[in-house]
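J.: The primary structure of each chain is shown beneath.
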Amino acid sequence: MMKTRPFGQTGERFPILSLGCQRLVDDHDCSEEQAVAILETALARGIRYFDTAWLYSAGQSEQRVGLVAKSRRKEMWIATKLWDPDGATARRQLEESLTRLQTGHVDEWRMHDVHSHERLEAMFAKGGALEAMLQARDEGLVRNISISGHANPQVLIEALRRFSFDSTLLALGVMDHFIYSFADEFLPVANAKGIATIGMKVFGLNKVTGPLAKDALRYTLGLPVSTVIVGCSSMAQLEADLAVAETFEPLTDIERLALFKAVMPLVKPENMPWKANSWSAPNAWRTR
Amino acid sequence: MQTRPFGKTGENLPILSLGCRRIVDEEGCDEAQAVAIIERALEGGIRYFDVAWSYADGQAEERLGLVSRERRDAMWIASKVIAGDRDGALRQLEESLSRLHTDHLDEWRLHNVSTYERLDVVTGKGGALEALIEAREQGIVRHIGITNHSDPQVQIEAMRRYPFETALVTLSALDHFIYSFADEFLPLAREQRVGIIAMKALGYKMLAHCAENALRYVFDLPVCTVAVGCSSVDELEMDLAIAEACRPMTDIERLDLYRQVLPLVSPENMPWKADDFDNPRDWLARDSGSVER
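Chains E and C supply the protein sequences, listed in that same order.
Residues in the first sequence are numbered consecutively from 1, following our numbering.
Residues in the second sequence are numbered consecutively from 289, following our numbering.
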């Protein structure tokens with residue numbers, strides 16, 4: 001049985017482990033049958049929170065979540081994301097998301113990867129995505145409004161200053177401790193406002209693996225966040241993550257130090273494209 | 289040099305301060321050098337001088353006294369008491385004042401309260417905290433503080449028991465990685481407006497090879513001032529130059545520093561967070577708590 005934590009001011013509580021659905025796709029060697037089995041097992045073991053996005057694999061991720069949501073919608077909290085900062089386009093993306101997910105509403109709708117002040121401005125502009133989000137909430141198509149940040153904690157702090165988002169999805173893996181740290185800069189701000197926080201990039205897009213994986217997950221679960229999503233493309237990965245979460249104890253400082261030492265050689269732009277100058281060809285850190 | 293407000297004391301202090309533990313013979317610093325260091329510090333804008341009753345059997349206080357005798361008004365003097373009981377603490381205060389040739393301390397603090405066991409002693413009935421409070425009531429000391437080298441949770445518990453005005457804690461780049469006061473204690477300190485003095489900035493010289501960035505790292509923390517120990521005027525000149533030119537680090541520079549210092553994070557190199565200060569082999573185990581809690 002996993003521990004649960006309150007999810008901001010929504011009144012919900014979720015288990016500390018949640019499922020990231022980006023990897024439930026052919027691109028990651030996960031067949032439809034495997035994807036459904038992973039989703040069903042996640043539900044059977046207590047997971048309630050499922051994160052996906054309009055952008056992932058041209059919709060295949062949402063479609064596969066939809067295969068289960070079709071019959072088990074009430075047990076699931078579904079969060080999806082819009083990509084385009086233009087309001088009309090974002091709205092079309094929501095409609096596609098709802099169709100793929102075979103549902104009449106999503107529990108959370110997020111701005112995807114707001115990595116710069118420029119992208120934030122576009123989201124907040126007249127006719128921008130935020131307006132579409134507010135309208136969709138008024139219409140009952142989405143229940144909560146959210147934002148995700150991969151690169152720059154100060155952009156997310158500015159976002160919270162402008163609008164009281166219900167939740168935030170943040171890069172909070174152990175590698176993220178060392179540069180542009182959301183744990184350091186952003187979590188105290190979000191927690192003071194009582195806003196839900198979701199940790200991601202626990203294994204740094206599969207860079208922190210093997211014997212380090214278990215403690216990497218314990219590291220992120222030990223941060224002051226509401227829940228942590230892990231992406232899985234196989235049942236074995238899900239089982240391994242569930243085993244850690246079901247018996248979770250925070251790292252001691254001595255264990256955390258050993259993890260920091262082991263991970264430090266991996267902390268470079270090539271391994272962390274979400275904080276690098278280019279996603280496809282990262283060779284330097286993004287500048288603020 | 290940049291100055292910053294010192295908690296609720298109403299003072300603004302320069303970001304660099306002088307730790308006086310090393311201006312003593314056993315560090316290869318003679319009396320003339322010690323006086324030269326203190327005078328150069330004053331000339332360079334430093335106002336805050338940290339010392340303790342226990343350092344080198346009183347020699348550190350005596351040497352500071354050689355200058356404070358003449359220039360007391362220009363100096364903020366903080367000394368520490370190691371005795372755990374009220375009466376012993378008051379005797380040490382008398383000695384500190386006499387060595388320092390002054391009739392008052394700007395700050396008097398409990399020395400090295402790093403375990404619940406010691407915290408229980410100093411805050412218990414007849415403990416040293418009573419002496420601090422009395423001395424402040426009598427105007428012999430202006431502000432009272434506490435020092436902790438090892439365990440931020442003990443420090444948090446200390447603040448729960450008594451609203452110390454200031455705290456001297458270990459905050460080097462090495463300290464970032466284990467039992468981190470920056471992580472665990474500074475948020476509370478900021479909320480309660482505790483005046484924070486950082487120590488061990490160069491980790492007992494372990495970080496001498498990267499002194500500039502090691503100091504910049506500490507200046508970037510939400511602290512008032514950083515007490516750096518010197519045993520020569522040259523060391524002080526270097527620290528002054530760094531403090532005067534200080535500009536915030538980028539995350540990329542800080543990552544380089546972390547990468548450089550992380551291999552040095554071991555109990556042997558950080559005896560103040562180790563199981564045995566004189567013969568460090570393992571990290572200190574965190575105490576589970578005290579009787580009073």
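Treat the hints with care, since some could be wrong.
Unchecked claim - A few chain C residues that face chain E, going by a derived Cβ cut-off under 7 Å, partial list only:
| # | residue |
| --- | --- |
| 1 | Phe-465 |
| 2 | Ile-466 |
| 3 | Tyr-467 |
| 4 | Cys-534 |
| 5 | Met-537 |
| 6 | Asp-539 |
| 7 | Leu-545 |
| 8 | Leu-550 |
| 9 | Trp-571 |
Keep in mind the hints are simulated off the structure, nothing from the lab.
We put the beta carbon where it would ideally sit given N, CA and C, even for glycine.
J.: For every hint, state whether the structure bears it out.
T.: To see whether the hints hold, each was checked on the structure:
Proximity of Phe-465/C to chain E holds as hinted, the smallest CB-CB distance being about 5 Å (cut-off 7 Å). The beta carbon of Ile-466/C is positioned within 7 Å of a beta carbon in chain E (closest approach about 5 Å), and the interface hint is therefore held. Annotation: interface hint on Tyr-467/C holds; nearest CB of chain E at approximately 6 Å, less than 7 Å. Given the 7 Å rule on beta carbons, the hint for Cys-534/C is violated: about 19 Å separates it from the nearest Cβ of chain E.
Annotation: interface hint on Met-537/C violated; nearest CB of chain E at approximately 12 Å, more than 7 Å. This hint holds: Asp-539/C has a C-beta 5 Å from the nearest C-beta of chain E, less than the 7 Å allowed. A least Cβ separation of about 10 Å between Leu-545/C and chain E goes past the 7 Å threshold, and the interface hint is therefore violated. Nearest Cβ of chain E to the Cβ of Leu-550/C: about 5 Å, under the 7 Å cut. The hint holds.
Nearest Cβ of chain E to the Cβ of Trp-571/C: about 5 Å, under the 7 Å cut. The hint holds.
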